[in-house]
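Given chain A's structure and the hints, the job is docking chain B onto it.
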Amino acid sequence: MNNDSLSLLARLARKELREILRDRRTIVTLVLMPLLLYPLLGVGFKFFLTSLAPSANTQIRIGVLSDADERLLTSLLGTPKPEDPKLFVLHTNNIEESLRAGDCDIGVELKGVTGQVFPSLDPRQSYECLIERRDDSPRGVTAEEFVLDRLSATNALVLRERLQKYARVSKAPNAVRVELRLIKTKEGKKGSYLASLIPLVLVLMTITGAVYPSIDLTAGERERGTLEILMAAPVSRVGLLLAKYAAVMTVAMLTGVINLTMMTITIAVSGMGRELFPEGLTIGMVLSVLALLLLFAAFFSAVLLAVTSFARSFKEAQAYLIPLMLLAISPGLVTLMPGIRLDEPFLMPIAPLINVVLLAREILEGGAPVGPGAIVVLSTFFYAFAAVTIASRLFGAEAVLYSEQGQFSELFRRPIRQRAVANVNSAVLCLAIVFPLSVLIGSGMAQLPLRPEAILLVGMAASTALFIGVPAIAARFGNVSPVSGFALRRSRWLVLAGAVLLGVSLWPLVAQLIVWQEHLGLSTMPQMLRDKLKELADQRREMSPIIALLALAFVPAIVEELFFRGWFFSALERAVRPLTAILITGVVFGSFHLFTGGVLLAERVLPTILLGIILSWVRWRSGSVLPGIALHMLHNGFLVSAALFTDTFGDLNTAMEGGGGQVPLSWLVGGTAVAVLGAALVWMSRPNPKHI
Amino acid sequence: MLIPEMEHPRSAVGIIEVRELTKRFPLPNGKELLAVDVVSFAVKPGEVYGLLGPNGAGKTTTIRMILGLLRPTSGEATIAGFSSASKPDEVKRRVGLVSASAGLYQWLTVREMLLYFADLYGVLPVEAIRELDRLSRLLDLTDLLGRRCATLSTGQKQRVHLVRALIHRPPVLLLDEPTLGLDVLGSQVIVEYIGLLRDEGKAAIVTTHRLEEAERLCDRFGLMHRGRLVREGTLPELRADTGCPNLAEMFLKLVEATPTISRTAEPTP
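Protein sequence lines correspond, in order, to chains A and B. For the first sequence, this note's numbering begins at 1 and goes up steadily by one. For the second sequence, this note's numbering begins at 693 and goes up steadily by one.
Treat the hints as calculated values from the structure; they're not laboratory data. One should not assume that every hint holds.
Below are the BS3-like pairs computed for lysine-lysine, each with C-alpha atoms no more than 27 Å apart in a straight line [stated by the list, open to error]:
{"hint": "1", "chain 1": "A", "residue 1": "Lys15", "chain 2": "B", "residue 2": "Lys945"}
{"hint": "2", "chain 1": "A", "residue 1": "Lys86", "chain 2": "A", "residue 2": "Lys46"}
{"hint": "3", "chain 1": "A", "residue 1": "Lys165", "chain 2": "A", "residue 2": "Lys111"}
{"hint": "4", "chain 1": "A", "residue 1": "Lys15", "chain 2": "A", "residue 2": "Lys46"}
{"hint": "5", "chain 1": "A", "residue 1": "Lys315", "chain 2": "B", "residue 2": "Lys849"}
Next comes chain A alone, as it looks inside the complex (with noise of 0.2 Å):
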């Protein structure tokens, strides 16, 4: 896209939003119901987390260790008054113990306290005192403040006492020294559950702001007549959606901005941060969430284009949205369900709309993980993607335009002519298929109760039916040939031959600089899946290295040459520059490595982003999908043979997991040498002609 089309395209918004914004409507859901919302929501949750607590009528339990101590505890707490909690002492050996087991809500150890029965407050005396709660009880916290209160009014009236009799300051000036701990529990930082609402909160809000300019853009045009018209004029309708996309989006990036900010506000004032998150509601967390709103505005606002584009009238738009917020909601509800964490069960991080809450949630309680938040983030990324592909093929269809005329079914009937490729909103839609489920098998898989063999064989094909699968289909329904649309032609011998040598020469180089990043410490690999790894690379070596070489490196090789640098290649190629679509490419292979049984992996992002950018050049150059299949099979299978066969690359296997070493010096040069021919071969190739 050139810098005309743009500002074209930011007119063409600008005038979209002004039309939203002076809408009373708009302004309504943008501030007023945000406005009146949380503050309301604040009271209830206040009187939730009030009634939860101990009040006037009910009452704290506290755990102590002694008789003694609840003597000296029931002195320093001064007397009862009638609108006091009523207290109930447990005494118990192990106050830790009774606090997890939910036994009593603050367990209060005091020190200086010598066997000795105190028949009353010594004040001479100082004494300290260990205050414990759990992490996660509002009841805990309750407790603590009741007794802090009153010790604190203890303190004072003995130093007034003090004051008064010696007159003189002791050197201890108080008598109480309260030091306090938490108690963590089992579920971790886990919040109170009412703060699992807020994220879902936030998120349907945010959606709330999108629902009216969606339908007054796509569905209001064509019921107010101004569609036709539009149409009418040499703009494309790609264009002319993405204006309204941008405008949508605006909008619901401001409702989540307002939103977050009324919510931030009403938690500070009313100061329930502490009750309500376990570390408090802090800037970053707040900077995290609203990203996160921002994302979800962009992917939602483009479901809501997608849906209303397809309808004709107000009317209809809302028919269709009622089902979709229910659909909407009630997954997002799932999320309040105890035990439903990101990263389990597996299937959490890819699910649309619960991922952001889930995601929310762990921000607000307190940190979430990176690898479940990075896959949360670039499927929803892709799943926003899919859905603008879908509006814009749906905004201004005849079918839409002329709805007395037109019928649906055209929209989804197969072209009669045959296309060479695939156009690119398909392939985006294949794309935003393709990673969510790839995920799924990669981490899925492991969890299968099958021998390694099987598990590795069951994956190969689960990939393979997905990277050909849904390519496969698209082309069948939308009519593109297979060969070109994988771009399966013969390639030059000479590219062939330079492919090969880079297939045998780079994969020393990417061994360098796993090994680099490794010393520059850029490794995000837990332990724990480092050993995992290193368990399962163990048990490959026992495998049929037949089978290892087959799953792990050429059929993975094959299908994901043919869906990347053929299928989504192809099409983009057609859109896009040369130069634009190699770097594309090689990003969308390089997010598709980031995981390895769900778990973030930096390390690998920048090799296998590099691999991908030499691999779309080279099927840029030779305009045919073979010889990168043959780059990427060598590639591949000189690094699992270097995982497998431990006594022929005994070095290079332990320097790439870590286990410090480098690759052999002459290897790199080498590699290097062959690599630079291999380039060059590919280079001096004419470029890639047109086959159309």
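Relative to the frame of chain A, chain B by itself:
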């Protein structure tokens, strides 16, 4: 981008050419509706062509196919040599469309809406403002430019639509019932202005049910009935052909000559 008038010298060949245009719509019962049935005609620059016929004759479908808004089942339409099927943007650039069903953006002002469309047609801002100025003076819209579109009357709206269709100075106008719902005065303004446009050398296709208005406005007529172009010619030619003094009678004769099913089913009183 403005299309210089010189690009389309007046020629014997039509700037609008319609060749064997056919459109079939699939019906829910599995049958097809033949909306336009092998229609061919041409319109020269400086000519106003009246496409007339009863409701459901296929006039609007024909216009939509000429502009490339609907895909023809077969046949083709060209504007200045560009096919609406293969070069839709070239066609759209050269055509201004006024249609009775078109609406306005109610939250935009008249000026904002018109400049937005100028932008869609790639008119440079300076030229768009100049053209907007000229057209709004001609059509008496100057005082309305700052008003929100929602507040306009039907006649005012239709004049806004006319300016919208002309702001990119297209050589071809497609006017689908431009006077629908307008009072005598309102339609008078539109009709007069179309006359002016003809003098500027623009080609226009007009559909209307106001036959006496069509008689005054159009140079040539095509009479459509049930998807087919049944008669074509100037008013004198049609008179000679049909033996009827005016379009209204030709119309009645046309409808009776090919009676509808319900007419034959009912006994005539």
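Check each numbered hint against the structure and report the violated ones by number, ascending. 1 and 4
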